[in-house]
Amino acid sequence: MVKVILISIVLVSGVYSEDAYERYCVDCHKELPTSLQRMFMHYLLVYGGEKNVKAGLKHYLKYPIREISVMSDLFIDNYGIKKKTTLSDKQIDEALNSYWERFKVIDKLK
Amino acid sequence: MLVSKNKGTNSLLKSEKKSLFRFLALYMSMVIFTISLLSLYYYQSQEKLVLSDKRAILTKYAYIQTKRLKVLHHFFDERVEYPRDPRFRSAIYDIEHIKIFSLLENDNIRFQEEIYFTEGYIHLVKMLDDFYLGTKYLIIEVEDTGAWRAEIWKNILGYGFLAFMFFMIFGLYLAKLFLKPMRDSILLLDRFIKDTTHELNTPLSAILANIEMMDTNVMVEKNKTKLNRINIAAKTVSILYKDLTYLTLEQEKENHDEVIDVRELIYDRAEYFSILAQSKQLECKLELEEASIIIDRRKFTRIIDNLISNAIKYNKRHGTVSIELNQGMLAISDTGIGLNEESIPYIFDRYIRFNNAEGGFGVGLSIVKKIVDEYGLSIEVESEEGHGTRMVLRW
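Protein chains in written order, with this note's numbering: chain R, 1 to 110; chain P, 1001 to 1395.
No wet-lab data here; the hints were simulated from the structure.
No more than 27 Å apart at the CA atoms, straight line, and that leaves these computed lysine-lysine pairs for DSSO-like:
#1 K51/R x K1067/P
#2 K1099/P x K110/R
#3 K58/R x K1070/P
#4 K110/R x K1126/P
#5 K1067/P x K104/R
#6 K54/R x K1099/P
#7 K110/R x K1060/P
#8 K110/R x K1067/P
#9 K1070/P x K108/R
#10 K1067/P x K108/R
#11 K1126/P x K51/R
#12 K58/R x K1099/P
#13 K104/R x K1099/P
#14 K1099/P x K108/R
#15 K1070/P x K51/R
#16 K104/R x K1126/P
#17 K1126/P x K54/R
#18 K51/R x K1099/P
Pulled a few chain P residues facing chain R out of the computed Cβ check, cut under 8 Å:
#19 H1073
#20 F1076
#21 D1077
#22 V1080
#23 Y1082
#24 D1094
#25 I1100
#26 D1130
#27 F1131
#28 Y1132
#29 G1134
#30 K1136
Simulated restraints on C-beta separations:
#31 D1130/P x K84/R: 21 to 31 Å
#32 V1080/P x Y63/R: 33 to 43 Å
#33 V46/R x E1143/P: 34 to 44 Å
Where is the CB? At the ideal position from N, CA and C, for every residue including glycine.
In isolation and in its complexed conformation, chain P is listed as follows:
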């Protein structure tokens, strides 16, 4: 089976991802808000620029029309033809905003503004000093082609996109800077574990080998109990050692995938952990059907060991550990402390521990998740605080 491998420290933890996404979301909102604000300011300034360009020509038209109104005023009644011009349309209003005459296409007049856009037209409102024909307000209207708007939008979208991309790249760089201290701590911890793991191997092997070699038949009951305790402690340390070794050294090794009889493996591992279960007086329920999987034995053993040891470690005294197996599904349940709903998404993060009463580094489930992801398996967590946890592995 071809599988991809990646170093644990290169991928982001869920908590890191959450921090990163929160930062980026906030940063992106601020960037979008700033760019929108600048775009609005740019649009308004361009609009003012266009109006100021038009103001000169419209003022000239208003001057011409005023002269014509003056002539008409003095010859009124002999002449009643309102002066027209092909370059613009106009209207006259009296001091009370009452229309005297209008040739405008759009009669929506804003008397308080000097020049403005209105539905495809530009209006200039000129106030006359002499009320020719009773006119206080002379309105000059020309069409607004809107070509300048297309140009402005093109600039806003083009430069806005470039600015957005620039700020996002800058934001990613910033986010990496913020996360660096966190990643440095993880790398330091990894290096420390790697170094200390080497030193654990020899004494641990010696302890376990000697316990196996001891003849318990000649021992008094008191010493047998003591040896049992040593055995439990050594096996606990052994599991931890294997996890740490896997994490720092073995995960780099090439996979040797083979068909594994899961039921047989579970019997084997259940027997290995039986002494731990007995120490907490746990009842073990095994409902195992025939099942097989193609996987690296070493890695699948890490999954089984971690799930079983967690079910034992976080169980109550006199509790129950249940293991159900059928083709494609393995479920390991305990009757322990359980997890609250908010904690569940983070249980596979490395160095995350929700219960400090028990020992450990918080690496077990992170290893499980890594192997599950590597082989495209799935793992589900069902947990209720105070009632227990059920881990379901599917392949």
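The following block holds chain R by itself, in its conformation from the complex:
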């Protein structure tokens, strides 16, 4: 019984040690040939600043359509458009904040 409890605690703490981005985004993107880093650069190229990038991403996650995707036609033809997100606004914001912090250009240039 003690072993079961300990194993459960280890598993639960493992899940919650990941941030929102890792919890909600990474798994689905594992299968795709383009990294999340490259996708971030696509969004940055189109939307510019932090607020615009986050707003554009959030909108696409909630209402994904071909016309507003930043990915190439070839990519969409091969992998299609993602399904509408099931995450709440709070979860999306949390994941996007984490995503921004991880890949932002500011402070990385030398």
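Starting from the known structure of chain R, arrange chain P on it as the hints suggest.
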């Protein structure tokens, strides 16, 4: 004693000088304002010219830097080295004006302007259509040596000074044109007085000589009074005649300076004017000490005569005329109408009169001032309206 002489009509009257100074001050202010405005316009246009020259080269640098940012964007994470160029410094800002990276010496960016000067540097702000690395604003910075400013200032000061001098000479010419009608009137009046003075001499001399020759002992009292009145009127005209003669003819004569016993001269002139003083029932107070002066007798007599006759003429009936004399100072006071403070600076101007109740041309004190200036003497006027005037001559 060597003294300089000048014709009265050649020098400017105080009122003329005042008009001239007012006009020149106003004109000068307008000229300075216009030149400053033109200088400002010239400076700004030259500044724009320099910026437009620089714009072409800075735009070329911005194009090069954009291409480098594009490459860096596509290889980001593998490469994080911001592209540098020895010809310029640059910075990138995102759409929210947040700095992404900067190599600028001066980080004071004006995002609304395309190109501008900022504390020794020139900035070009280039807005990108594609946000490479999230860049909306690419800033290109080069140093501004400021050599063009020195050149502009040299031009502004040089040409500004030349323009100022030209306009001032033009202004003086204009002022002379404006004053010409006033001077013409004075010259006309001078000529008129000169001409009429000649005609006064003979009849006046005849009247005065005959009055002196008349035997008053055989006259009845009534006729004596009448003769007295004639004498007063003739002496008044005589003073005026002498002033006008001096003004138009005698001032050109050579000076014969000599030592004059001032006390004796004042006794003599006081006696001459006593009949005028009696007519107004004035009390004369004389406090005369020994005093002497080296001057032309004719001219000093004009000073004394004018000061005494004014003290009598502008006095009240039953008033007092006081004459004080000591070495170096002669003061003649009256208890008459006095002058207000604003009038005092103009009392020595020719043809200026502040009281039309009494006759005269307004030339007496102008003669006094001319002689005082010629001999380097000084004259002070102390006056209080309604109480009297005190003229103090010092030598």
